[in-house]
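Peer 1: Letter by letter, the chains look like this.
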Amino acid sequence: MIIWKDIKLSWRNLFRNKRRSFIAGTAIGIGLASLIFVDATIIGMKNNMIRSATASFMGEGQIHAVGFRQTLEVDRTIHRRGWVIAQLDQEDIVRHYAPRVTNFAMINSAAEVSSINLVGVEPESEKYLSQIDDSLEKGTFFQGDSSRDIIIGKKLAETLDVELDDRVVVTAAQAGTGELAQEMFRISGIFRMNIREMDSGIAFIRLNKAQELFGLGDKIHEIALQFPSPEYGSREELAFWNKFSQYGNEAVGWTKIMPQMKAALDLTDFSTYFIAVILFGVVALGIVNTLFMSLHERMFEFGVLRAVGTRPVGLFRLIVFEAGSLAVLSIFIGLFLGFALTYFTSRVGIDYSGVEFAGVTFRELLYPVLRVQQFIEYPIWVFVFTMIAGIYPAVYAAKMNPAKAMRKSL
Amino acid sequence: MDGSQNKKLIATESLKKVYSDDGVPVNALRGIDLAIHSGEFSAIVGPSGSGKTTLLNVISGLDKATEGDVWFKGRRLSDMKSSELSDLRRDHIGFIFQAYNLIPVLTVEENIEYIMLLQGIDKEERHRRVLDILREIQLEGFEGRRPPQISGGQQQRVAVARAMVSKPALILADEPTANLDSKTGESLLDMMRKMNETTGMTFVFSTHDPMVMKKARRLITVRDGKITEDKMKNEQ
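Taken in order, these protein sequences are the chains called F and S. Residue 0 is where the first sequence starts when you use this note's numbering, and the numbers rise one by one after that. Residue 733 is where the second sequence starts when you use this note's numbering, and the numbers rise one by one after that.
None of these hints come from the bench; they were simulated from the model. Treat the hints with care, since some could be wrong.
[Unchecked claim] The following label-pair restraints were derived from C-beta to C-beta distances: (1) S:R950 with F:V327: 51 to 59 Å; (2) S:D819 with F:A262: 54 to 62 Å; (3) S:G755 with F:V312: 26 to 34 Å; (4) F:V394 with S:T798: 51 to 59 Å; (5) S:K946 with F:F21: 46 to 54 Å; (6) S:M945 with F:V394: 56 to 64 Å; (7) F:V383 with S:K855: 49 to 57 Å; (8) S:A767 with F:V394: 35 to 43 Å.
[Said to hold, decoys possible] SDA-like mimics (lysine to any residue), calculated; alpha carbons at most 25 Å apart, straight line: (9) S:K855 with S:A831; (10) F:K208 with F:K17; (11) F:K403 with S:V837; (12) F:K17 with S:S883; (13) F:K17 with F:Y391; (14) F:K4 with S:N759; (15) F:K7 with S:E856; (16) S:K813 with S:A831; (17) F:K4 with S:K899.
For each residue, glycine too, the CB sits at the ideal point set by N, CA and C.
Next comes chain S alone, as it looks inside the complex (with noise of 0.2 Å):
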């Protein structure tokens, strides 16, 4: 491993994913090198099926590489089982997706500490946190409902919620925002760039949306597989 590969929090080199579930080969990755860095606001921007959510898959060790390797804090996730990459997600990364995928039979409470339960934190310390997030993402008071009674952006924030409860050093967001309306979208958003500004926590969306590049530090675009551009804006 290239010793370089410790000061990133995940590098990727030359990824490359093929599936090939209906018998017929579709290279979604075709040899990414990326390499992100702790307190990154980034976008993977691109067109629907140009790899972006397989490349999310990838790095967080959801998916397996064809080929290529995977690095996160230096550790190669080629090398893990998956119990280790279960305990690798469970504390190091929060995932927000598309469709809120909240559980919805618990409370907007245990859906929250979820979590923080398989983490083993105290009933105590899990209350105090829930509170305090939910306080953040200004739904203090719905802990005792359900997803089904509260509105979708409501429950995209509790999703929120759940993925930065534990304090996970990155926050992977496939299209958060899709599903909602642009205010409540930008609402998000900039509680998300507050929490990235606020605590250092890496943010990595997956997204067409031109809200989430605008606010996005780096934009990384993928077509058909590859990476073709990567810049970091220059903010005011």
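Excised from the complex, chain F in its bound form (with noise of 0.2 Å):
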């Protein structure tokens, strides 16, 4: 009865000041738009950045003989391909795969020689798994019959001094005898994917001519996967995994293939720990600071209550309920302020193309998500924090001497 009275008594007091208490609540309630906001482009920011990384040209998982992620060597292909590729086909988790060869190689141009990791890929399949075709800036991804064409990235072109048509020559170690091959290419494509590696360090060709080049047959080093989403990846638990991690090949997901990626989406988990700390250790300064002018105000007030029989405890009530009344306001302000916030970013996006981090560079604008999680655990914790942040101003007002709070007035 006396806890409803004080709740009641609390959120009146609250608009005792009116623009006192909406400029409180509204630094509050910026404090949970802020923690909503960063969350929303948090998750829009990992989805970029496992997009950026997997349909880019990773893919989201990957099958290889056991050993060549680690070596990369040219005759550890993948074992039982047929039954393997026969295998996928059946998958219905499998939305599409791309077989792969790929070897360190020299090329040269009559300008330049560089050293390239030169990959080989079904163009048809490629084009699922892959953003390449995506990021020619000039020439076209494998048009024609032509067994000699070879795409290269912009700044590979830049370094070599060559241009569209122009011929290189592919010098390769071939699997087996360790012999060197050479062929003639002609740059037929240009790409630019704003990733450093990709950009000056791969060129690509088409499969059949790399696994002559490198004298494979019709072995491959590489399948890489495309799931219904990229989160398949991620869960490791998935029997997929085992069931191609047999025949001495194994099959990864792209937490296993990027680990530097996994370890920063950590870190980014993190990061939102840390700025909500922050941030609430600021909103409770707010809030301390709030109550305790308001405390002063009113000292005589609480002087009153405690001479008709309040009990510190009493007090003590009054203003961690103030302080909830004044958690309440600033929900429903940071509530609106965060969904209009996020809800405008999410639809128009951010730019942070051309941004690196954690060896991921963002190709697409960033678009915060809107989860309905982010609108009940954060107010909770906004809640919950103002309420102990309400507690050292109602430890003081209950440990408040009546007769001294009176004084000045008597």
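Make the complex out of the two chains shown on their own, each in a separate frame, by following the hints.
Peer 2: Okay, here's the thing in structure tokens:
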């Protein structure tokens, strides 16, 4: 009964100085809105990073021979290739896959020489797995039947001082013998992905030509996988990984292929908490300041409340409830601001393109992601935190000597 | 404890209070021996700074004595915890202050029933008592108004109602008429005097208002923290 009265009293007290309460509520609300926005942006950034990393070339998962990822030895090709591909065709969770071969090579132009990673791809399947075709600045993505087409990155083209239709010579070691093989290619496309390693150190040729150049026959080094969503690539519990990690092969998701990105994503989660702690620290000072201002203004009134028989704990409760009332007001303001800001940016996007983080270059606009949880979990945090911040002024009020509180006016 | 203390509502013994808020000790009370009996209508008088308010604060447990003792209905205040003192005030003492000191965000009814809420009295009983006392102080129909919506005199009557509604044994009134015009002040005093006569409630005023002195049956004069005169008035 008295608790209900205290709640009513504290709510009304909040509006005794409407301007101050509104300013304090807005300050706390901005803290909440920032938290919602930061969280939504970090989710968007994570999605963007994962998409940038997986969709540009890597895929959401890969199958290799055991040890290939670590050594990139040209002899380590996928075992039982036919069985693997037949099984992949039957897998519901595999949307697309692209077989590849890859080897270190030297590329020579008339002007310059450079070391590269030469990748053989199947143009039809590769279109689904990578964005090389979308990133072409010049030329085409393996149009026609020419087996001597080569697609290189813009930086590499600059290094080699070559343009479309210029000829280059590629030298690579062959599997088994280790003997060097050389082929001449014609630049049929120049791409720019804004990923340093891709733009300066990789070149693509047709799969069968690469197999021939590397002396692999019909063997392949890698099958890049695309699932219904990148999230599948992080779900280690899927039976899929075990199924394809046999016969000397290993199937791994993007979190294992790029552990540094997984660590970076974990770091961003930590960053959210860190930002939250800083924001709440600032908010806490605001709350304490507001409550103390209100408390000092009403010192005599608190003295009267004590005089008429309110116990110290009753006064403590009243101040904590006032903090709670301030929290409720702030939450309404914060939810409104947070939703408006996040919704707006989730529609128009934030331009981070070209920025590199944890080895991943953002290639698309960053779209913050709104989640219901942000509008439940964070307001609860704000409420609890505001109540906790209210404890200090509440203890101060409870310990106040009633006579001293009233002395100024008596 | 002296056994005779039990018969008195309030008794003080060698009461001293020294303030040292600004580092400079100020002797507000310098050894007060006082007894207040049930049913009294007394006034503590004296010039400003004489120690009247301090005496009221100390005898109600709002402030602690530096030396000496206060007994309320035979219980020594210095033996009581802060929450026990709160309960004592809630159940036995009503306060009326100079500046009305109603809670501005609560309605007249809510202000009056606040102490009864602390006492855990049920809603219907609270409402009945509020209406009764509003009738007595001639403020029927004002229960839904908030303090800023009524006059100073009406606010002070509400403050009196708040102090008396829980039927305490003692009402301590600190300069209750100081902010009122003489007519309103006299009417308020008459009302309190009537209640004293009909209910036997004890009233102790701190004042230098001649009208309060005139209405009081006992005048306790305090100067420089000491009682210099204590006389019962003979009433016709």
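Peer 1: Verify the proposed pairing of F:K4 with S:N759, using a straight-line Cα cut of 25 Å.
Peer 2: Answer violated: F:K4 to S:N759 is near 40 Å, above 25 Å.
Peer 1: Does S:E856 sit within 25 Å of F:K7, going by the straight-line distance between their CA atoms?
Peer 2: Cα-Cα ~19 Å, so holds.
Peer 1: How does the Cβ-Cβ distance of S:G755 and F:V312 compare with 26 to 34 Å: does it lie in that range?
Peer 2: With Cβ atoms ~32 Å apart, the hint holds.
Peer 1: Hint check: F:K208 vs F:K17, CA-CA at most 25 Å. Holds or violated?
Peer 2: With a Cα-Cα distance of about 76 Å, the restraint between F:K208 and F:K17 is violated, given a limit of 25 Å.
Peer 1: Within 25 Å, alpha carbon to alpha carbon, are S:K813 and S:A831?
Peer 2: Cα-Cα ~28 Å, so violated.
Peer 1: Please check whether F:V383 and S:K855 have a Cβ separation lying inside 49 to 57 Å.
Peer 2: 31 Å, violated
Peer 1: For the pair we were handed, F:K17 and F:Y391, check the Cα-Cα distance against 25 Å.
Peer 2: 23 Å, holds
Peer 1: Is the gap between the beta carbons of F:V394 and S:T798 within 51 to 59 Å?
Peer 2: 25 Å, violated
Peer 1: Take the C-alpha atoms of S:K855 and S:A831, compute the straight-line distance between them, and say whether it is at most 25 Å.
Peer 2: Violated - the C-alpha atoms of S:A831 and S:K855 are around 28 Å apart, more than 25 Å.
Peer 1: Verify the CB-CB distance for S:K946 and F:F21 against the hinted window 46 to 54 Å.
Peer 2: 51 Å, holds
Peer 1: Is it true that the C-beta distance of S:A767 to F:V394 lies inside 35 to 43 Å, as the hint says?
Peer 2: Taking Cβ atoms as reference, S:A767 and F:V394 lie about 38 Å apart, which means the hint holds.
Peer 1: Mind checking the hinted window 56 to 64 Å against the Cβ distance between S:M945 and F:V394?
Peer 2: The hinted range 56 to 64 Å is violated for S:M945 and F:V394, with Cβ atoms some 43 Å apart.
Consistency with the previously given hints fails for numbers 4, 6, 7, 9, 10, 14, 16, ordered from lowest to highest.
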